[in-house]
Amino acid sequence: MNTDFSDLNIMQMSDSFFPIGLYTMSNGLETLFDEKLVQTTDQIEEFISTIITQQIGPADCVALSNAYDFAVSKNIEKIIYCDKMLYSMKLVKEPRDAMCRSGSQMIKCVKSFLNDNLINLYYDAIHESNSPATHPVVTGVCSSALGVKKDSAVTMMLYGFSVSTIGAALRLGIIDHIQSQQILHRLKPRITQCVKQYLAISIENMWQFAPEYDIIQMKHEQKFSKMFIT
Amino acid sequence: MSSRISRIGIGGPVGCGKSMLIERVVPLLAKKNYRVCIISNDVISKEDADRMRQNLATSQGLLPENLVIGLATGGCPHTAIREDPSINLAVIEEIESKYNDLDLIIIESGGDNITTTFSPALADYFIYIVDVSGGDKYPRKRGLGIETSDLLVINKIDLAKMVDADLDVMERDAKIVRKNKPHVLVNCKTDQGIEQVTEHIIHDVLFDEPPKKLVSGVKN
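Those sequence lines, one after another, are chains R and E. FYI, my numbering numbers position 210 of the first sequence as 230, with every residue one higher than the one before it. FYI, my numbering numbers position 90 of the second sequence as 429, with every residue one higher than the one before it.
Derived from the structure by calculation, the hints contain no laboratory data. Remember, predicted model here, so these are calculated numbers, not experimental data. A hint or two may mislead.
Said to hold, decoys possible - Facing chain R, from chain E, some residues (calculated, C-beta under 10 angstroms): (1) E386; (2) I426; (3) I434; (4) V502; (5) D503; (6) Q535.
To be verified - Simulated pairs of lysine to any residue, SDA-like, Cα-Cα distance not exceeding 25 angstroms: (7) K170/R with F37/R; (8) K131/R with N439/E; (9) K243/R with K385/E; (10) K243/R with Q59/R; (11) K437/E with K94/R; (12) K514/E with T454/E; (13) K131/R with K514/E; (14) K128/R with K437/E; (15) K94/R with I30/R; (16) K128/R with N439/E; (17) K113/R with V430/E; (18) K131/R with S458/E; (19) K385/E with D117/R; (20) K551/E with H147/R; (21) K243/R with R390/E; (22) K385/E with A499/E; (23) K385/E with T418/E; (24) K518/E with M501/E; (25) K128/R with I434/E; (26) K476/E with A499/E; (27) K131/R with M105/R; (28) K239/R with A388/E; (29) K128/R with Q59/R; (30) K243/R with G474/E; (31) K243/R with D389/E; (32) K128/R with A499/E; (33) K113/R with P416/E; (34) K437/E with R116/R; (35) K104/R with E148/R; (36) K476/E with S436/E; (37) K437/E with E148/R; (38) K243/R with E386/E; (39) K131/R with E422/E; (40) K113/R with I431/E.
Note that the Cβ used here is the ideal one computed from N, Cα and C, for glycine as well.
One chain only, chain E, in its complex shape:
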């Protein structure tokens, strides 16, 4: 019998940087000896999964190639993570039965709208990511993803000046709308803010527990 592995859901609009966030966070988790699996839902291809596999598994050797899994969602990204997450759950159960020494499973949603949420049966912790190029109105416009996520990530902050987005306004509105639940400003290109996101995961999801690998002496 297998036990449940902690799960994070990452959702956000198309092109906001969901995959890039994973590509930046996983090396930091790996450096601390946490072992992860990535399930990437995509509405049209497995391109994101292929890129993450190539970067994180093949090139960097941070996880086995078969632990980066791409799933097609029948064109319904929010259905696959909320109304009917059965295909994701089936894959997770297969992973849990084979790799019970993993510390974390990261589930990336296909690009979606601001009402995205994860089924509580699928994810224990929900990171919603937006980028500044949609304008600084984004947090103020609300939406379930922005309001209810456990952590809001605002990405591509280096572009703020170019699109006249005021980061102070975004932060102010995020605090109001989210009732002071945490948010992090991030630039995935330079790793700015990535350490903070990683610390949130270790503290809020893994409860500062040491990696299973260190506890049990399991080797890669």
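One chain only, chain R, in its complex shape:
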């Protein structure tokens, strides 16, 4: 019997049915929409592509990639180090909290169906507030435990970010269901290139620079009326 379930594990973790709350996040798009700065499919694509280039790629993908490697070598201290490093790079409270809530729920969910020593150790560190449970680092550790390849894990996270933002655009009424798939299709080269670019960068070389995006997220924190958590 085939016991390699890695493909199914990718599908399970990247499915919108996987309970980590990504559907509650517009990743700043709600603010841009309210201020009429994003109104077309091209602008949505550009927005997602820019965030991948300036933040998700050089920071989140690098943190995931390093956490994955440290998970393979069973180095819990270094995993926690990656977690704290990424946490400290997220300047805005609202998305930072949301990122950690998604991460803590992801590891709780994976722990419920997978008995793995490293997952248990990392979960305990999170539960005792010794590690912040950033979503990318948790994704790296869980992907390793589930036999998902590193490049697939990074792709999966970028896909999740893109889908949650496009899903928000759909619910905000900016685009329709077909346009949402067209944007996702057009983002594939950017996602693939990003995976290649950041798969082998050390955690010490992680960076992000998206001040305008940070300000957008801060403005979202202050909004009185909103549909999305971020």
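With chain R's structure known, arrange chain E on it following the hints.
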């Protein structure tokens, strides 16, 4: 390590009085020294959470302001309490780790349709609330919320005559549809029925246990 605090989920259509019910029940619980936290899911704003915080925490001082929490649900109220309650659970776990002496966490759903239910991982007890202005057909039309909730609350009974809703019909149908599970007729404006709802919570959720505050001697 923190232990699990009892949780109630309150669901119902938009404008049926979910927040008002909480605003009426919490003072009675507080009077009996039970300490609660409120998590208010809202599809579009934090207005309900802000109002409850202002009324129950700031004005009446019944709970700390940071224990009334508003959550946006991405426009998907039932997803946030059933299919993927992870964001609610994450917030609850944070509360449990910081305030383990609480007796109860009340989770209010965003306004939704009659198929609303709470994930059993999120709520131990489910109160579904409707109001009479939708007509006396409401219980008869069924729906998961009306049928499966632990307690059905029928609110705004003072409006029944104005909208030609027959409360006897609503009660009769509620008993049939719910197979005699409890329901309470309520007027949140006058507190009619609120004491009954509170007693259901104390008996069915807290199992008539005394408040933790009294047992441990914890002070506010």
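Hints not upheld, ascending by number = 3, 4, 5, 6, 11, 13, 22, 24, 29, 30, 32, 36
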